[in-house]
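J.: Sequence:
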Amino acid sequence: MHRILASTLLLAATVSAFAPSAQHQQRQTPQHAVSKMPLQATKLAALPTIPNPFQSLPWNVEKAQKSQERKIKLERSKLHRELGIAQDATYEEIMEVVTEMIEDTSDRKRKIQIEVMKDKILQARLNERLAGLVSDIVSDDAKAQDDESNLEEEAIAELKDKKQPKEWNAPAWTQGLIVKPDQAHIKSQVQIWGIMSLMGLALPPFIQYANRFSWMVCVAQLSFRGMAKQEGGGGGFGVMRMGNGPGEKKHLKVAWLLGISITIVGAVVTYGLMPQWAKGHRLTPTLAFAMRNFIYGVACSYLQPYKG
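Under the UniProt record's numbering, the first residue of the sequence shown carries the number 1, and numbering increases by one thereafter.
Where hints are given, some of them may not hold.
Below are the DMTMM-like pairs computed for lysine to aspartate or glutamate, each with C-alpha atoms no more than 25 Å apart in a straight line [as the list claims (entries may be wrong)]: (1) Lys78 / Glu92; (2) Lys120 / Glu152; (3) Lys111 / Glu96; (4) Lys120 / Glu153; (5) Lys118 / Glu152; (6) Lys120 / Asp107; (7) Lys187 / Asp161; (8) Lys71 / Glu115; (9) Lys118 / Glu92; (10) Lys109 / Glu128; (11) Lys118 / Glu96; (12) Lys118 / Asp104.
Note that these hints are calculated values from the structure, not bench results.
Only a predicted model underlies this, so the values are computations on that prediction, with no experimental measurement involved.
Turn these sequences into a full structure, and let the hints steer you where they fit.
T.: And the structure:
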């Protein structure tokens with residue numbers, strides 16, 4: 001029993017000999033705390049700063065700009081009051097007043113204060129000018145953007161106009177000679193040349209007699225197209241009257257030349273484009289007569305020698 005007790009006391013003494021003292025622990029504790037604080041500060045400083053997304057909104061930007069301008073004006077007015085200088089004073093007037101105040105003051109600190117206030121006044125004026133310049137630039141940019149948007153709208157409108165189907169217009173060298181017909185004129189030409197073609201189909205002997213005067217009908221239609229009814233115009237068979245008045249018109253020469261040219265071209269085209277199977281039959285003259293009347297009708301519908 002005594003041996004066990006002695007062994008226990010010896011073990012306790014040995015352990016206590018190697019254990020650190022309380023004073024040593026107290027000295028080490030502040031050092032660990034101090035060593036940890038810079039690490040924590042570094043971690044806090046390393047955290048990324050998240051910008052406020054609402055600051056970029058237009059009304060917030062305008063509000064911040066107005067607040068900055070108001071702050072600059074208040075600071076400048078305060079400095080003007082301290083130096084006794086009018087707010088609308090020029091640069092030369094400010095320098096003159098500041099120079100007089102520095103000469104009248106013997107205190108060195110007061111001179112430095114006056115110089116500092118002068119620099120602040122000039123800096124505030126510069127900031128105001130820069131703020132006004134920025135606002136002018138912003139307004140110019142907005143105006144330029146509006147102009148660009150207007151140009152884009154005009155370009156889009158032009159593209160739409162180009163995509164829309166345009167009406168047929170005559171070539172430049174035929175201006176005045178080729179005129180787009182209206183429905184009434186087309187109807188009258190269909191009646192004239194259609195009736196003649198039907199008569200040739202119903203009465204084949206009529207074709208021989210019609211070939212002798214059909215070109216004159218074409219000349220008459222070209223001569224009187226575009227003229228008032230009082231002068232003999234108006235279309236239909238009534239325009240075939242080759243009486244007084246219009247015979248002395250200069251455009252009749254053009255009408256006769258066109259009529260003869262159309263007759264020759266029509267004869268060549270009719271027999272040239274006729275298929276081989278349609279030649280040499282009983283209905284060949286009727287088909288050729290109908291094709292020539294169609295050419296006459298198209299020419300009389302679009303050609304107008306009369307200028308008015």
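J.: Looking back at the numbered hints, which does the structure fail to meet, lowest number first?
T.: 2, 4, 5, 7, 10
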